[in-house]
Amino acid sequence: MFSLQAKGLFGFLVLVVFSVFTYALLDQQHDRLQAAVDDMERLYGIEESMTKVNTSVAHAILHINDAYFSRRENLPMETLMLDSEAIQTGLQNLVSAFPVLAGAISRLRSKTRELGAQPERAILIELRSSVHVLVAELDMIARELRTRKNAYRGNYLSAYDGMRRIVVTMGGGAILAFGTMIAIFLT
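When we follow this note's numbering, the leftmost residue of the sequence shown carries the number 1, and every step to the right adds one.
In short, the hints are calculated from the structure, not lab data. Please note that a few of the clues may not be correct.
As a list, the in silico EDC-like pairs of lysine to aspartate or glutamate whose alpha-carbon atoms are at most 16 Å apart [to be verified]:
hint: 1; residue 1: K111; residue 2: E78
hint: 2; residue 1: K149; residue 2: D38
hint: 3; residue 1: K52; residue 2: D139
Model, not experiment: these values are computed from the prediction.
Given these sequences and hints, build the entire structure.
Below you can see the structure in the form of structure tokens.
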């Protein structure tokens, strides 16, 4: 019916179309997979910054409580100022991802300045309150980060499963196509 050359050319064209189609599907899934990985990498950077801020906040709370409950006349202003600066610096790294933290930076800066101008226990209590409000905001952000992390993980697994289905389906299709081509080639 068809010449051997025509059958060979037909078989080659089928393989080329099949390969291009498979590549296009895998490339699309690869892009989804890469986007999920990029999202997770950004999230890990934010989590790292959050860890540093949380450490600074915990350190500051200990110093603030120590200063408040101690019987010393003079407050350890240098330590309190350094703690406040460390927190503000860490928050600056997070404010682009979480603009709500700009208010926390402003409150903390304001209370620290007040305490520097008038080192009184009443202002120390206000600073402590500001830090506790910050802790609540950081907890809310941590919950949001966990939700994002789960969503990114889901996106990654979905893209990976998509790639796996494509490989299995196209592999099975390749076996069928190759078997069909051999049957056509031999008849």
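Numbered hints the structure breaks, given as an ascending list: Every hint satisfied by this model.
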